[in-house]
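What follows is the residue order along each chain.
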Amino acid sequence: MADDLDRWLTSQLQHNLPVEIEPPRGVPRYREPRSAGWRGQLLTLRLAPRFAGIFLGILGAVVLAGGATAAVHVLTSPAHPSPSTHHSAGGAGCTVGPACFGPSPVPPTQGGGTRVSPSPKQGHGPATSSPSASTVTGGSGNRQGPPSTPPAQGGMGKSIGAGKANPGGKGSAKAHGTGAGIPAP
Amino acid sequence: MAAIEYRPGSEADFDRLYRDERGKLLQTIRAIVGEDAEDCVQDAFVEAFRNWRSYRPEAPASAWLHRIAINRAISMRRRQKLRSATEMVRRLGRPEAQPDPGQMATSFDLARALRRLPPRQAAVIVLRHLHGYSNRDIGVALGVPERTVASRLGAAKVKLLIELGPESSRASVPEPSLRHIPLMADSRAGQE
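Taken in order, these protein sequences are the chains called A and B.
Heads up: the first sequence at position 38 corresponds to 38 in our numbering, and the numbers run straight through without jumps.
Numbers given in our numbering equal positions in the second sequence, counted from 1, plus 1000.
If we strip away everything but chain B, and leave its shape as in the complex, we get (with noise of 0.2 Å):
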């Protein structure tokens, strides 16, 4: 993770931090809630403005906003699961809907697999092999220790690929891949 300075406080380095920052951000929110992923990142963003004085550059800027994103798109999933709940409710008794065949030519979705994971195994997915963020750092980010990253890590692959299944095998995942994960879940990674 690149540090780089911005002055706490600072509206101008806010607005920088912001264009710096928004697009990774959306990234890995859209891992964890799809298409609301602007919004938290908006709110996200309204809530570190709003904190931008008391904040610390012990850590850098970037995790210190990922924390505060992440926090806001748990809370977010959780509204989506009640949100989808009644959704499940109110259409009870009717005829379901056929999925669109379009949709499933194009089943393979990873983001949707990670959309299934614990938000935080998600954010770590997508912090580690898509944003090249070394365990210390996603650390700092999420505020667990380094181990900690490196459990959920191990949990969050195993459970991505059963998620991806069948699909997985459609796709080119190199096979023996299970067996090469390293597994540290410890059971705390497994319960989130």
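Here chain A stands alone, though its shape is the one from the complex (with noise of 0.2 Å):
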């Protein structure tokens, strides 16, 4: 009986599963040439586009999240406040009594308080670190102070100041001043 299945498989199968009488057409796939590599295909430059491509598309994504970062660093950082917090050390000129006798202790002195400002206003003010909101901090200035007894020996000392803008400006100043002081109480 189990000979009658074999046999009835046999001719179900010879009869679904018929044999391919016609020869195959064309050549057989393993004997086309075959396709080169990825490799083979940069440098026969077919892949370039694509690798062009793909590169400039990184780079694009790049430079935006680049610039998204810089926007965002911009918009969430805190405004900084208007009154100048200016590091110039306005002013030249010896402020400390004992250090204007006798040669300054710094050595390029210069004096005749010329002054270098990038700011339209160039002054001649006493050295007084104002907290203004001007758009140029630090100025400097020659000061001469009244006859000091004994008479001060001109102490000459150089100042270079940095003033921080307010928003909107920015400036340094950067000053040689040359004082007659008058020594510290």
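No wet-lab data here; the hints were simulated from the structure.
Incorrect hints may appear among the rest.
[To be verified] Listing some non-contacts, in silico: residues in chain A with all C-beta distances to chain B over 10 Å:
hint, residue
1, 12
2, 13
3, 18
4, 28
5, 47
6, 54
7, 55
8, 57
9, 60
10, 61
11, 73
12, 76
13, 78
[Stated by the list, open to error] Computed beta-carbon distance windows for the label pairs:
hint, chain 1, residue 1, chain 2, residue 2, range
14, B, 1034, A, 52, 53 to 63 Å
15, A, 63, B, 1071, 40 to 50 Å
16, A, 71, B, 1090, 38 to 48 Å
17, B, 1010, A, 59, 49 to 59 Å
18, B, 1054, A, 4, 39 to 49 Å
19, A, 11, B, 1092, 37 to 47 Å
20, B, 1011, A, 49, 53 to 63 Å
21, A, 71, B, 1087, 40 to 50 Å
22, A, 4, B, 1090, 19 to 29 Å
23, A, 52, B, 1050, 26 to 36 Å
24, A, 11, B, 1019, 40 to 50 Å
All residues carry an ideal CB built from backbone N, CA and C; glycine is no exception.
Relying on the hints, combine the two individually framed chains into one complex.
Take a look at the structure:
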């Protein structure tokens, strides 16, 4: 009986899975020239546009991400208060008395009170450190005190100040000052 | 299985192997993957050609080719299942297509029933009952011991008759067939 089943299976298989009589058409696939691998394709520049596209895409993404980060940083950073936190040691000359006597400890002493400032103001005002909201802080100037007793040997000093601008302006001040200071009490 | 000599690495011999074995291979693979068999067989020959130099004539070339092709067919069957699952998802919500009446008339189709079997079981049935290979030859082709071949064969027959079910009664299947199948199926074969 098992033989019956086997015979039945064999006949059904022959019926359902017929042998392909006609010979295979065309060149068998194993005989076809092998397609070059990705290296070969790249060398023949077939993949070059694709690679260029990918590279440009990555580059664009990086630039966008950088821009977005910068924008977020600018938008979220706390605004600086208006009063200038000027670091300029405005003014020149000696403010501390004893140092004013004798040769100045600052070697490149140059008098003249010249001032180089990008600001439109160029003053010779007192070397006060004003909390001004001006675009330029840290002005300096010559300072001449009242005659000292004994007459003070004019100390010379050099002061370099860098003012921090309030929003909207920036500036730096550099001042050379010569002053005749009063000895500190 | 007639042992025909093929010299490894010889392109002329590989051409001869192609001419001799392509038909048989196509039949076996058609039982596993259906219409995609041609593609699968061509892929198998490409792979075989690539490894032709390393082929060792200890096993018949036909068995070696069958092993390559059946492995390819198993991969292809997996892809087919994936594809059909995707199709099903795409069709969700749409009215189901009516079956073709012409197809219904010839619905008794052993090939279709074979495709529902696990690939290796389908291959065993075809190799044994269509190509007439011995269990030993099938073992060489599939890379499994003879005992495994016998158990797979038994399990495959049982499943096949269950698959055919009512259709098999319409055809002239020997009535007490199920009782006479040597049930040597071990648990491994059943879980394939």
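Legend entry - No chain B beta carbon within 10 Å of residue 47 of chain A's: 22 Å, holds
Inset, instruction - Using the Cβ atoms, figure out if residue 11 of chain A sits within 40 to 50 Å of residue 1019 of chain B. - result: 27 Å, violated
Inset, instruction - Kindly confirm whether 40 to 50 Å is satisfied by the beta carbon distance between residue 63 of chain A and residue 1071 of chain B. - result: Holds, at about 48 Å.
Legend entry - Cβ distance range 38 to 48 Å for residue 71 of chain A and residue 1090 of chain B, holds or violated: Because 42 Å falls inside the window, the suggested range holds.
Inset, instruction - Beyond 10 Å from every chain B Cβ: check whether that's true for residue 13 of chain A. - result: 4 Å, violated
Legend entry - Distal placement of residue 18 of chain A relative to chain B, Cβ over 10 Å: With a cut-off of 10 Å, residue 18 of chain A comes too close to chain B, as the shortest Cβ separation is near 8 Å.
Inset, instruction - Please test the hint of 49 to 59 Å on the beta carbon pair from residue 1010 of chain B and residue 59 of chain A. - result: 52 Å, holds
Inset, instruction - Measuring Cβ to Cβ, find out whether residue 57 of chain A lies farther than 10 Å from everything in chain B. - result: About 28 Å separates residue 57 of chain A from the closest Cβ of chain B, which puts it past 10 Å; holds.
Legend entry - Non-interface claim for residue 28 of chain A versus chain B (Cβ beyond 10 Å): 6 Å, violated
Inset, instruction - Could you see if the CB distance from residue 1011 of chain B to residue 49 of chain A stays within 53 to 63 Å? - result: 37 Å, violated
Legend entry - 10 Å Cβ clearance of residue 55 of chain A from chain B: 32 Å, holds
Inset, instruction - With 39 to 49 Å as the target window, see if residue 1054 of chain B and residue 4 of chain A comply at their CB atoms. - result: 44 Å, holds
The structure shown violates the earlier hints numbered 1, 2, 3, 4, 14, 20, 22 and 24.
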